[in-house]
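Protein chains in written order, with the numbering used here: chain A, 1 to 216; chain B, 217 to 626; chain C, 627 to 1092; chain D, 1093 to 1509.
FYI, nobody ran anything at the bench for these hints, they're computed from the structure.
Don't take each hint at face value.
With a cut-off of at most 30 Å between alpha-carbon atoms, the simulated BS3-like pairs for lysine-lysine come out as follows [to be verified]:
no., chain 1, residue 1, chain 2, residue 2
1, C, 829, C, 667
2, D, 1114, D, 1496
3, A, 180, B, 365
4, C, 834, C, 672
5, C, 834, C, 655
6, C, 997, D, 1256
7, B, 586, A, 118
8, A, 157, B, 361
9, B, 539, A, 187
10, B, 365, C, 834
11, C, 936, C, 667
12, A, 157, A, 189
13, D, 1496, C, 997
14, A, 189, A, 204
15, A, 8, B, 539
16, A, 100, A, 112
17, A, 187, B, 361
18, A, 204, A, 127
19, D, 1355, C, 936
20, A, 157, A, 180
21, C, 829, C, 936
22, A, 152, B, 365
23, C, 936, C, 924
24, C, 667, B, 361
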Amino acid sequence: MEQQFFPKWTNKIRNLLGAGAGALGVYAVIFFTYAASPKTINVGYQPEQPVPFSHALHAGELGMDCRYCHNTVEKAALAAVPPTETCMNCHARIRTKSPKLALVRESFMTGKGIPWVKVHDLPDYVKFNHSAHVTRGVSCVSCHGRVDQMEKVRQVKPLSMGWCLNCHRNPEAVLCPKNKVTDLAWKPKESQETLGARLRKEYKINPPTSCSTCHQ
Amino acid sequence: MQASANTDHGEASAPLAGILAEFDGPGALKKAATRVRDAGFTRWDCYSPFPVHGIDPAMGVRPTILPWIILGMGLTGLTIATVLQWWTNGVDYPFLISGKPLFGLPANIPIMFELTILLSAFGAFFGSLILNDLPRFYRPIFSSKRFRKVTDNGFFIGIDANDPQFDPNKIKTLFADMGTMGVEEFYDHDNRAALPRPIFRVGMILFLLGLIPLAFAVKSRHSTSSQPRWHFWRDMDFQPVVRAQRASAFFPDGRALRPQVEGTLAREQADKDPHLNQGKVNGKLVTTFPKAVLPLSMEMMVRGRDRFNTYCAPCHGRDGKGKGLVATRASSLGEGTWVPPSNLTDARIAKMPVGEIYQTIRYGVRNMPKYGPQIEVRDRWAIVAYIRALQRSQNASIKDVPEADRGKLK
Amino acid sequence: MTNELSRVDFLADDPTQRAPLVSPDLEFKDVTQTVCEVAEKPKPPKAWYVAFGISLALTGMLFSMIAYLIIAGVGVWGNNSPAFWGFPIVNFVFWVGIGHAGTLISAILFLFRQKWRTSINRFAEAMTIFAVVCAGLFPGIHVGRVWFAYWLFPIPNQMEMWPNFRSPLLWDVFAVGTYATVSLLFWYFGMIPDLASLRDRAKGKIGKLLYGIFSLGWSGSARHWHRYERAYLILAALATPLVLSVHSVVSFDFAVAQLPGWHATILPPYFVAGAIFSGFAMVVTLMLPARLFFGLQKIVTMRHIENMNKVILATGMMVGYSYAMEFFISWYSGAPAERFVFINRAFGNYAWAYWIMVSCNVLIPQLFWFKKLRRNPWVIMFVVLFVNVGMWFERFVIAVTSLTRDFTPASWGYFSPTWIDIGMLVGSFGLFFTLFLLFLRFLPIVAISEVKGVMPQAHGHHEEGH
Amino acid sequence: MNHPNPEVVLNDDRHLGPLGPKILRTMGGLGLLLLIVGLILGITGTEGGMSRFLFAYTTGFAFILSIALGAMFFVLVNHLTRAGWCASSRRIAEITLGTMPILAVLFLPILVSVLMGYGGLFSWADHGIASKDHLIHLKAGYLNPVFFAIRWVIYFAIWIQLSKYYLGNSLRQDDSGDPALTSRMQKWSALSTLLFALTLTFASFDLLMSLDPHWFSTIFGVYYFAGSVIAFQAFGILAMVLLQRKGKLEKSVSIEHFHDWGKLLFAFVFFWGYIAYSQFMLIWYANIPEETGWFHVRITGSWGGVALILVFAHFVIPFAGLMSRHAKRNLASLSFWAMWMLIMHCIDLYWVVMPNQGGHGHGSESIPGVHFQAVDLLAILGLFSLFVAGVAYVGRHCSLVAIKEPRLAESLAFENV
């Protein structure tokens, strides 16, 4: 008996290992396609801001154009977080005593910046240029979603490289007329494909996909 | 003939698994194998420390299908490599490098070759293990002490008890007849083939542990988080450089965005053209547009409307009558600090020199804040032009419409 | 014993008969005993401990340096413009080359029915695996950010992009990866029956358990042997073109470039010959002391060593042929850049490296033309050690001389290694020997069942003759 | 091992007998006839004229030379590795190798054209062309008629010496049965192999590579070597199959030997593919003007079609066809593949040589394409016929089996596993 070092059940180990390896494979596929996807990891970032600014009120209810505050978006790489001065355009007279705006008033008086938290933050090795996109018919909504309905801004798109490339390879799917880029609610009357194809031709859109486009 | 070791130990209750005979060398083994084969046994085997040349025909072993498995695996590898390279480099992410074709054989052959070999080797390795039913740690035949010589210098034939012709006495006689060096019975001692419980428990625990990351993923997919995205590797996501509009410890005021140095002007801030920049020439507000540098055009009007709707409309309203959404809401708040905005279409402003409207935009007036920092010089003029158009259109009569188009209004 | 052995060796030169491959006084059980005893001894020889201690220390140094490299960045190496490929690539090619002998002995000599291989193949295969481990390390850390090494594989990822399959550097990943995998399978596959021998002889529980698990319940069944032999033959047939392909692909790293001195069509077969050359030299370097320490003289006879020396001589001549062809064709091409690069190799800044290479790889092996010298252990050791050195310098000469003297004289430079470079080279030897010494201690170092299969008794005529 | 008695060989029909003079007459006559017609076509100046004839002649010569060199390799490598299996079939290679003096004679037309300074074949041989061409000028130290002649004298001196040594000693052993002869041949095989490698390499540079004096490739010698081994393995298999059909060698050469010859053929089909791929891929990938022109001509237009035929019919198809054990153990299929490979090797050389005609190999804008002409076939077949006649001439009096080779018994007992 002592010759038989292994008990009989060990003969089943092979099948068990096979099944285990199969299960692990399935698990890995699920893990990488679902759990590690940028849609899981990146989307849904909604930080607390120092001032509870509501885009839903300003851009939505009050109908203010995005560019009222983000006024460099058509000229510069950065859309620009507005200086406190811009807030004070109105809030010098409106809600002048609101405690929510205390930080804004303090910033205006002292010149100290408001520590806004960046929501749509690309890695530093990526160069993204806002003006290159918004002046060529890429709507704000394509990357930022319906900010005009957000009380608190959150990231709704993955902003991953693959996601960027998708558009660069197939810009027809997102193009809109140039004067509608800040109209987040705008919907084309014709199908997006025909419109996209037409606009692509008209605006001569030919997005590059080489590495140096974004990684300069 | 030797007595079985098992009977000595009183373990005869275990079922008989087969009978084992040892032979003196590969030649004797081959001869004996021929006899066993001819006797019509089907569930039996020869055991030797190395592959005995010529044992297969002696035993009647038919050629294995293994080469076909390997060929199949090899072709699979070739197909995978071809499709993989064609799809990834030729279709899904076409990227031109040094003028090489996206998919052209010369540069794609190495990978095709390697994957063919790799999968073929897997076919040979795993295929032969599976066909040989390995690993199989417990074998009744291992209970024979004598059988340990099989990996040293022992040559054996074992006939399994489940052979249809199995008859211990007959077999023993047959073996004795062949000149065996010894015969033994071997027993199947272990009757518990089922996996022990703890293995299931461990499996269950592993399964549950595996669910935890997935649960986190589901939660993360369907909720928001106030924490920034996960950086498995921080890498160069955050480079130690000064970024516009971000805090920077490098400057004492903590701001990366540097204010204009006192007493300096940017080139475009230079007041070379007072008409354009100030709307004032020789201390007098201008009444004309700076047409020399900024000729009025439809394009400019469209631009002016666009800017007006962006910067002015929140208070003055899209029609300029001072009923913008912000103004309306501010008034409804009933805070004493609010002063309603002017109606841009009333006669007072219609008579204002354009220079004054320009200056108002640039520097603000009374309650209106300055928009100079937000609106560029040319855009200010475009807005002024658009305001003029608004004033005309809001106070227009039917006479202002070209005769041809009057019909459409009805 | 000596008389028996020298008779074997003498017979080898007699065309009228075939000499037995191992000492003719051996029985099957002697083979098992001789080989298994090495792994079963409660304590290895003292020399083993000393060697293991040194190797382990060097391995520790290697991994601390790698840790330092990862933290500090690749700037700790001497690689800098214009020599971006310095020691790491040289070491990589060197170790991959060493790693060719094992599979070559196992596969090609198997297909050529060179039965003398059975005594040394296990040993050489193990060496292959460990050399490939050392080789794989260098490109791994050469990518700089090792945690992104998975980018080399076509795994669907969030960037939705794929590796460039038209790049020889990616071919390398596949070639070396396939080679490492297939070599490992081949080595392990061949070892299964021998692990079963160890299992059946094991006294302690741990031995029974571990050898039992890894021998997979091998029973020596003829039906199993049948499929096993078929699989082994096909694995050998697959490994043969694989061996050719691996170093060819490594040579493509250089040869697809336009750089003079790198771009030569002979590079693939030349690299393969060089790899076999260096690999055999390393096998002999290790085998010569090991057969003495572990008492394997009857299984690994002087004739085995001599045969390997002949292979070293032959492949050394092939390498010499390639040097000559490159030199001649560079002149014959008439292209000024080609002509310059080879003159520069021989007489430029790195002439010292070039002449080390030529003397070690071409001149010194010429000693093996003489039977007396290729059977003298001291001479053999002298030659093979220099071949090891020479083959390292060959890769150094190729990588560095061409890079530091490219088309643009403005970018010419001189490469000097840092102490990290040298430490890592030395450390990689530590890693190699650590693994190798563990193998010597715990695994069957000779293919027991295969040696039995080529003994005269195995053909069934033995017992009839008695 | 249970070795059968080598005496069985003595009972075998192992002499060409009347077959020898018959082959000699028919093939020799046919060869001369074809060559003379070809030469007349050349002199009268039909398409391409003398230049065309000489190019076709060079193709044919490179073809038969490669068979003889392949035979030399077979003899040398078997001595070098002390192989036993081939003892009963090695004489075929030795006889083929024995044609070296005849090849030396057949080389004369090429040598004469070079020494006459004729530029229609080797453009560098013409002083007028060479002096205007900067690159040829740079290589003139090597590529000049006199040095070319000296080199070929050396090559043939070595080859004839080796053929005499190995055939002669082997024949001597047929009488004396002295094993020391085998030992001696083994001893010299290493040095001989070295000489073989160097002469073959430079001969291939001279004969084929320098047809386009601008082009260079370090692997070219190995490329020609790979083709040579294929050519001889195929030639030897065909020769033995034909001899067996005539009732010869039936007891000495068994299916086991054919199987091994087939394996070598298979291995070198793969080796040729490997070398051809290495040469092509590296030049294609680097795409530098110094080299890429040679391939540009050969992979564009109708020559590109020939290149594709080579890829598939010289490598992929025979590789798949010869892979199986059964294909190599069936004489009908083995001789089919041998025939196939022999033709493919010839097309390979045609593809290497012919695009150079008319100086299209270098510098010319237009790519000529394949213009097959009768003179091509006449020259190639004529030379091949003469070569076969030469083999019959060498082998007409000797035994086709080395009857007293010490390893003959081992060879006869040989079995593939």
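So, going through the hints one by one against the coordinates:
no., hint, in the structure
1, C:829 <-> C:667, "holds (11 Å)"
2, D:1114 <-> D:1496, "holds (28 Å)"
3, A:180 <-> B:365, "violated (87 Å)"
4, C:834 <-> C:672, "holds (26 Å)"
5, C:834 <-> C:655, "holds (20 Å)"
6, C:997 <-> D:1256, "holds (26 Å)"
7, B:586 <-> A:118, "holds (27 Å)"
8, A:157 <-> B:361, "violated (69 Å)"
9, B:539 <-> A:187, "holds (27 Å)"
10, B:365 <-> C:834, "holds (15 Å)"
11, C:936 <-> C:667, "violated (34 Å)"
12, A:157 <-> A:189, "holds (24 Å)"
13, D:1496 <-> C:997, "holds (27 Å)"
14, A:189 <-> A:204, "holds (22 Å)"
15, A:8 <-> B:539, "violated (89 Å)"
16, A:100 <-> A:112, "holds (17 Å)"
17, A:187 <-> B:361, "violated (84 Å)"
18, A:204 <-> A:127, "holds (22 Å)"
19, D:1355 <-> C:936, "holds (24 Å)"
20, A:157 <-> A:180, "holds (20 Å)"
21, C:829 <-> C:936, "violated (42 Å)"
22, A:152 <-> B:365, "violated (78 Å)"
23, C:936 <-> C:924, "holds (20 Å)"
24, C:667 <-> B:361, "holds (23 Å)"
In terms of the numbered hints stated before, the structure departs from hints 3, 8, 11, 15, 17, 21, 22, listed from lowest to highest.
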